[in-house]
Amino acid sequence: MSAARRRRGWSLGDAVVPVFAGLAFLYLLVPVAYTVAFSFNDAGRSNLVWQGFTLDAWRNPCGAPQVCEAFVNSLTVGLLATAGATVLGTMVAVALVRYRFRGRSAANLLIFLPMSTPEVVLGAALLAQFLSLRVQPGFGTVVIAHVMFSVSFVVVTVKARVASLDPRLEEAAADLYASSWLAFWKVTFPLLVPGIAAAALLAFSLSFDDFIITNFNSGAFTTFPKFVYVSAARGIPPQANVIGSIMFALALVLVVAVQVAAAARRRRAARAV
Amino acid sequence: MAHGTTTGVQDAAGPAGATDGPTSGGSGADLGLVGVTKAFGSYLAVDDLTLTVPAGTFFALLGPSGCGKTTTLRMVAGLEHPTSGSITIGGTDVTARRAHQRPVNTVFQSYALFPHLTVLENVAFGLRRRRVPDAVARARDGLALVELPHLADRRPAQLSGGQQQRVALARALVNSPAVLLLDEPLGALDLKLRRQMQVELKRIQTEVGLTFVHVTHDQEEAMTMADQVAVMNAGRIEQLGTPAELYELPRTVFVANFLGQSNLLPGRVREVRDGWVGVDVGGTRLVVPQDRAVSTHGDVLVGVRPEKIHLLPADEELSDDANVVGPGRVTDVSFAGVSTQYQVEVPGLGTLGVFAQNLAGGAQVALGAQVRLAWAPRFTFGLDGSTDASDGVVDLDRA
Ligand SMILES: Nc1ncnc2c1ncn2[C@@H]1O[C@H](COP(=O)(O)OP(=O)(O)OP(=O)(O)O)[C@@H](O)[C@H]1O
Ligand SMILES: [Mg+2]
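Top to bottom, those sequences are chains A and B. Note that full-length UniProt numbering gives residue 125 to position 125 of the first sequence, counting from 1, and the numbers run on in steps of one. Note that full-length UniProt numbering gives residue 336 to position 336 of the second sequence, counting from 1, and the numbers run on in steps of one.
I should point out that these hints are in silico values taken from the structure, not numbers from a laboratory.
A few chain A residues facing chain B, derived, Cβ under 10 Å:
1) R168
2) L169
3) A173
4) A174
5) S180
6) A183
7) K186
Some chain A residues close to chain B (C-beta under 10 Å, calculated; not the full set):
8) D166
9) A172
10) D175
11) L176
12) Y177
13) S179
14) L182
15) V193
Glycine included, every Cβ here is placed at the ideal spot set by N, Cα and C.
Just chain B, same shape as in the assembly:
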């Protein structure tokens, strides 16, 4: 019997060989990519990608369609071979290992459940391949974790989309992989089910403590679920950090626009003094904390998030340490319950978006009103002025 408890490690090529011995309650492992590049012909789908995913984190890979997210995951899973670079899991270089020899499991974008097997056998598939002694019992536990134990004997074709998605998740999870890869697993679900599954997925990740790499093109999903988010664009990582870091201090125009909304005003640096950068924006002087500015000379973009801006009547007195632009005319007011979104057209600067919480009930500024826009300098960020200010703007018609 003592023999039985060690069978999990017998298969040296299996996942147990690379990380923790027992296959249950594993805590995941670090995932490292160093200079990983994938070329399809002359097209670079993934371009010199370097990143580290710490063990036990919920890591989101966020980017628009076609930016190379799936390709990156496939290289980690071993289903695609990198053109150059290396991949490590728990410190072990796995670049040369085949897919079935890596301690990694994937929840596929299309689920890829085995149609000829029952739900239970689907979930037990990986356990059986590794000759885990109590495969069926563990598969049942896995189904319980995703709350589908009553569907064990069905075929995948007899499940709804959401149920299939959960079976795919259970099938990967029961193996307690060092790294679990999720390729837009919620993409096919409707909005309500999707929000529900986001909470569920987060709960499961906290419960099992594995390293999750979650691919999505939904910025809200990435921000609500992940500990760390890497924003990917055209095969490269634009920026990596916690959701709050990325939101409060975007370092590229793409991130500023793709993650939430930003007002970006083109200007030119006039002075750098006492940790502040003074920028001339269409005749108005705005200041940016030096450590929040990517560039401190020449052309820059001065950025501020819409909810940081206050609208002031055109004639109100101002404290002179605020950043103020205007006056401008309110061209659009859209009331959304908890908040109101204003569009303000400022001559010479363009249109700025402003979010105001409806603390006093209802919109406080009328359409057509003349207002000035003010915000605290510490919320301001500075970006490289040579990029197109609309880079990464999410097309609302598509989203």
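With the rest of the complex left out, here is chain A:
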């Protein structure tokens, strides 16, 4: 009895855990908070010191030269690279799990290679390759490079999902008069959708975020991270903070929406029983 009461009372663990959790959160969130706060800075030439509150940057996010151009460039590259990497990666993942072919285990291993190679090495190697093929670095080379490095992540993500699928389901579909093409679209694909969606999000954030490989292979083409890096020398305009804040908010909304939808689905399933 007394032991139970003591446990319910004050203990070291009860105090230490919240404190450390709080510190960890602070550590993680301070840079984000800083970014958001300085999007409201009435910056003159430099957005490094607080000059006063203004909504100027939010009213006109494209106010600073090139910032929106770079943002749209990143968005375009991100969407194209995501589409390419997701389609390619999904096909590779299905093939690696479902089909037996020569070199399958080698392919399984090699797919990890781009993930474990340092980005500088990848970036430099890609540039060397483009140059030796006499391809002018720019938009096209950036998209190719982004598809290349994000496809591994897609394969790994989707592969886990394919491996968890019961192969009997495809056999049942075939038994019920579905050709292998229809069996894929009616059974395999719908069951893979959560994995594919996760992989696509991952690919997009990897692409949108990438600086090192992009910097090697973009020539005069400017993406958002590259723009931020280049302007860091002169001072990053508050408009960049606005765009950063918006991206952060979008990601947050997306995560919350997915959680809420999943909870709703669970509740609906529980009620149906």
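Use these hints to put chain B with the ligands onto chain A, whose structure you have.
Relative to chain A, chain B with the ligands alone:
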């Protein structure tokens, strides 16, 4: 509108192409396997299998675990390609056809329901692939047949095992396949539900009149449900016939032991006369009808089912046309309500099992009593003496 009624046959590759035109109320078709063999590497899972399943029959494929039942079904369904041999459905050779082009549907051992579709959409899946006009209405009929119309909108994960099993059955049945394959569909159910589903399945088969091929390793299930039973062992068919034929006249030691129980006594043929085979069994002369003996020379096994044997007091007079062994000592008496099972140890012959119906109420012979065992010669069967007499004995610890 007249056009609509013929759409069932449009898809030439579909099941309608091979057999009857309309997809409802089909009567099934003959299934034939000729010399079908399946090798996995050097291992023969199915070894030169030849059998014919007549249209409209409930056919059971019975055998112990790992004997190749599932592999056989998968080859019929087109999910596995035979190493050699051919498969015909309704007289058409389908060996080269892909699974989705065969007029066959399967109820899988693990059900394999589509988790992302509702029960109704699961059942309608095959109908939709064949573009049957009123797929949803037919799927509802299918659910009604298995008595689950109220669960149409649920997902498979929200059903009990027995309900999932019935959905799997409905999903296959609604297509009215020429042959319906059932791979141990009742295996995951508890005993009570299983007996109930056996009756149900038999009712449905009689109602729809399709050809059912039902795989099981439960001999009781096979005998109560099937018109024809093929006993399979190590990739081969041991014997094929009606349940009564297999039970009354097993032709191999495996069948004699796997289907019910048998007393098998090793002996040597002494004479063959007037349609009877005289066998010397440990000094006792037993007779076997010649047409019930697999072998009529050399070493044989003389067999008799336990319920055919009468226990007689050691000193009782006997008519001399019966087969009699003993005397022996009753070593075990187990009372089971409707019947009593005795074990009798006969010196020189071993232990024989005897079933006696409890007509007079309670066990009639006491433990330790000296008895003789007698049975009518026409119930006796003779098997090849070179096989191990325990081949196919069902291990009670496992069953
Ligand atoms: N894909 C495969 N590769 C190799 N061996 C296999 C394969 N499929 C089945 N086998 C082997 O073939 C034999 C027959 O298998 P099968 O699944 O047909 O048995 P079964 O009679 O259905 O048994 P159970 O009653 O346990 O389901 C088994 O020994 C099994 O190990
Ligand atoms: Mg099996």
